[in-house]
Amino acid sequence: MVAGPVLLWTGLALAAGCGAPPEEPVDEPSELLGPLDDLARRFGRLRRRLETRGYGQPTQAFRTFVLQGEGEALPVDLATGTCTTWVALGGGGLRDLGMTVFDGDGAEVASDAVRGEGALVHVCPPQRQEDTVRRGFTETAPYYVELDAADGSGAVVVGSFVSAVGAGEGFADLFEGLLVPPVPFVEVEAALTEARETLRERGMQPEGEPDFERMVAGRSWRRPIALEAGRCYAVVARGGAGVEDVDLYLYDAVGAEVARDLGQDAAPRLEHCVDEDESATLELRVFAGQGAVGVLAFSAPQSEHVEPTHTTEENEEEPIVVLGETLREFEARGFDDVLYVVRDAAINPGESRTHRLTLGPGCALLAGAGGPEELDLDLYLADDTETVDRDTRVHRRAWVAACPAVATPYRVTVKAYGRGRYALARVVASTGEGALPAITDIARVRLALAMDADAADAPVETYVVGPDEPVEIRVPRNDGCVDVAVAASESVLDVDLLLREGDTLLASDTGPAPWARVTHCLSGPRTGPLRLQIVAYRGEGEVVLRWLHDQRPEPRVPNESPAPNLAPVPPVAPVAPIVPAMRTHMAATRAIEPQEEPFE
Amino acid sequence: MRSRSLAAWALFVLPMFGCGEEVEAEVPERRAAEYRSERVDVEMDRASEVVRTRGFTDQGVVWRGFLVDRGAATDQVSLRSGNCYVVLGVASSAVESLELSLFDSDGAAVARNTPGTPALHYCPPGSGTFFVAVRASGSGLFAVRRFEGPAGIDVRLDDLAPSPSERP
Numbered sequence: 006m007v008a009g010p011v012l013l014w015t016g017l018a019l020a021a022g023c024g025a026p027p028e029e030p031v032d033e034p035s036e037l038l039g040p041l042d043d044l045a046r047r048f049g050r051l052r053r054r055l056e057t058r059g060y061g062q063p064t065q066a067f068r069t070f071v072l073q074g075e076g077e078a079l080p081v082d083l084a085t086g087t088c089t090t091w092v093a094l095g096g097g098g099l100r101d102l103g104m105t106v107f108d109g110d111g112a113e114v115a116s117d118a119v120r121g122e123g124a125l126v127h128v129c130p131p132q133r134q135e136d137t138v139r140r141g142f143t144e145t146a147p148y149y150v151e152l153d154a155a156d157g158s159g160a161v162v163v164g165s166f167v168s169a170v171g172a173g174e175g176f177a178d179l180f181e182g183l184l185v186p187p188v189p190f191v192e193v194e195a196a197l198t199e200a201r202e203t204l205r206e207r208g209m210q211p212e213g214e215p216d217f218e219r220m221v222a223g224r225s226w227r228r229p230i231a232l233e234a235g236r237c238y239a240v241v242a243r244g245g246a247g248v249e250d251v252d253l254y255l256y257d258a259v260g261a262e263v264a265r266d267l268g269q270d271a272a273p274r275l276e277h278c279v280d281e282d283e284s285a286t287l288e289l290r291v292f293a294g295q296g297a298v299g300v301l302a303f304s305a306p307q308s309e310h311v312e313p314t315h316t317t318e319e320n321e322e323e324p325i326v327v328l329g330e331t332l333r334e335f336e337a338r339g340f341d342d343v344l345y346v347v348r349d350a351a352i353n354p355g356e357s358r359t360h361r362l363t364l365g366p367g368c369a370l371l372a373g374a375g376g377p378e379e380l381d382l383d384l385y386l387a388d389d390t391e392t393v394d395r396d397t398r399v400h401r402r403a404w405v406a407a408c409p410a411v412a413t414p415y416r417v418t419v420k421a422y423g424r425g426r427y428a429l430a431r432v433v434a435s436t437g438e439g440a441l442p443a444i445t446d447i448a449r450v451r452l453a454l455a456m457d458a459d460a461a462d463a464p465v466e467t468y469v470v471g472p473d474e475p476v477e478i479r480v481p482r483n484d485g486c487v488d489v490a491v492a493a494s495e496s497v498l499d500v501d502l503l504l505r506e507g508d509t510l511l512a513s514d515t516g517p518a519p520w521a522r523v524t525h526c527l528s529g530p531r532t533g534p535l536r537l538q539i540v541a542y543r544g545e546g547e548v549v550l551r552w553l554h555d556q557r558p559e560p561r562v563p564n565e566s567p568a569p570n571l572a573p574v575p576p577v578a579p580v581a582p583i584v585p586a587m588r589t590h591m592a593a594t595r596a597i598e599p600q601e602e603p604f605e
Numbered sequence: 092m093r094s095r096s097l098a099a100w101a102l103f104v105l106p107m108f109g110c111g112e113e114v115e116a117e118v119p120e121r122r123a124a125e126y127r128s129e130r131v132d133v134e135m136d137r138a139s140e141v142v143r144t145r146g147f148t149d150q151g152v153v154w155r156g157f158l159v160d161r162g163a164a165t166d167q168v169s170l171r172s173g174n175c176y177v178v179l180g181v182a183s184s185a186v187e188s189l190e191l192s193l194f195d196s197d198g199a200a201v202a203r204n205t206p207g208t209p210a211l212h213y214c215p216p217g218s219g220t221f222f223v224a225v226r227a228s229g230s231g232l233f234a235v236r237r238f239e240g241p242a243g244i245d246v247r248l249d250d251l252a253p254s255p256s257e258r259p
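Residue numbers (the numbering used here), protein chains in the order written: chain A, 6 to 605; chain B, 92 to 259.
Isolated chain A (complex conformation) (with noise of 0.2 Å):
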């Protein structure tokens, strides 16, 4: 601080404010206290409390603000003989406040000992022998109100109160319920190391010390981050207890999003590889709940750098793993020429990642698989009008495809939930050069995978199936097992399976997908005709059903007698098919939600 504008300021109120002190209590907001905001008001608390307890009216109030480590030291004048308390209270991101009186000789004489965001001194400056005899004199002596922004920044309320030496019941208890419960960060700082020796197994050290904020929900926080060219980084941020849910975000140097985490828990965590030198941000956001949080940064040069690993699921396998067993799977069936859209990719909980590419003339299909094995993967492919086909079931797996005519530009939108990888392919059907038959439309492709592999050649029956028209098949030989599968075009969205045993539900698969098979053997004598029913649960359009053990239907003839006895046909263990089925529509309800849909 300097003295000239100081003193110009002063003289400029000694012009215009001479007179008396000002008789009323600050009851309004004025000009120099701000707005009537929260500070104003825990203000007007503060202000009742210490009128209740004898200290007068204030004087005056105003407001300030204070950075971090910072401070601002203002020249006052008292009153000798009486004694003046001086109260200021913070808010926004200022955390600890301090206040301190120093005498005319720049001595320390009094400090404030309020803890958080509220301060407090009270000063009795003496009165002199000589100055009594004054007469008509006002006697001051000069001090000086330093305040110091110890922890945070932010908006600062000050008032002062002047009472009689002696007067005044104490300030016991004054700042009760007018400042923020301390908030212990020994949880979040716990955490924090936790992560800290995860990620130094994986090469990364700590890039300085923890940051830790005081948070409420709706809140967020900004740190400048400097990132050098060769680096990846990962930052983890920690949410102590009340903390439910915060968020990550990374801003390159013109403020471009570049890296994030939202998901729904209080331990986001990103990564960013940079190949030249950047100045970001880093932005934490509460979304839900209140409380402690901490963040850290950590960095290797890239060569180093290792991507995570399960430490908790140490035989869990890599997305990239699942995603090869898949895709030989798929090959069995005749789909080959693969190619790798991503190979390793992370994923937050409802994070959507698009990737465009070509696919056709022919049939093409997308495969994706997750990890861990908890995470739920969709896929979502669309051209450029629409959406042509979603695979939205509860599983880490996923496959969509597609037949144009012609090469066409197709977006695949991958959607997760839970937080993990991905890795990401595409295969080509099969043109029937080879021993497989060719595969030439959506609901073959969507067969091809519904069924065993050694079933790849038996005969397709074709059906048209409506929402109110299911068609029912009779299953003739029924004393072994049944093993059924169906396909839909593109204009039915769910088609179900169920088998029957006269009135009884003896299997199906009502699962959200354009696909379905039933398995099923008989454990005991038949005791009515078996009956297979092809339900489109989603639209309408033509289905296809193959049979994948050596059983025919009778040709749809209803009310038909029950078929002659044949010779039993030996059990077959139940198979696994490439893509998971048998849950149920209520199972899915949250995949299949309109607003779930990521290109609306």
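No wet-lab data here; the hints were simulated from the structure.
Pair ranges (Cβ atoms, derived): (1) B/163 with A/416: 55 to 65 Å; (2) A/53 with B/151: 49 to 59 Å; (3) B/172 with A/170: 55 to 65 Å; (4) B/198 with A/263: 33 to 43 Å; (5) A/357 with B/187: 49 to 59 Å; (6) A/263 with B/219: 41 to 51 Å; (7) A/72 with B/253: 25 to 35 Å; (8) B/163 with A/120: 20 to 30 Å.
Far from chain B, some chain A residues (derived; all Cβ distances over 12 Å): (9) 180; (10) 293; (11) 360; (12) 378; (13) 530.
All of these numbers come straight from a predicted model, not from anything done at the bench. C-beta: ideal position from N, C-alpha, C; glycine also.
Let chain A serve as the given structure and place chain B on it in line with the hints.
Chain B only, in chain A's frame:
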């Protein structure tokens, strides 16, 4: 410090003064906004006397103020070539150390006091505007006085610091 805050504080200070009907009243000896401390002045006078004995004379008024811990302030001065200058700084007891620096008109640092020495010495190669900066470790009052003297002589400054018992 922002002007708004200063205005607020100035208005805040106002009710404490005794201005009013007693127009014949004596003016108080010291105002806080003058940043004048008897103890600091005593030490400034003592050290100034030593500088004067070395051929230097006072330049202008004493620059005073209050620095918060780790705070800084600057003052613009005019220096002439052919002369040398001593900038002497004194602070109150709560200031643990006072750093003095001199910058040219472009902002380049041209002189700085050595730790433990309350003054710097500089002989400008050309006349112009310079900036004196003070930075404190600890909070308190400070006073800075500038002296002008002849070029070509060495000036001892390390004996200007007061003994611990003499600190303001």
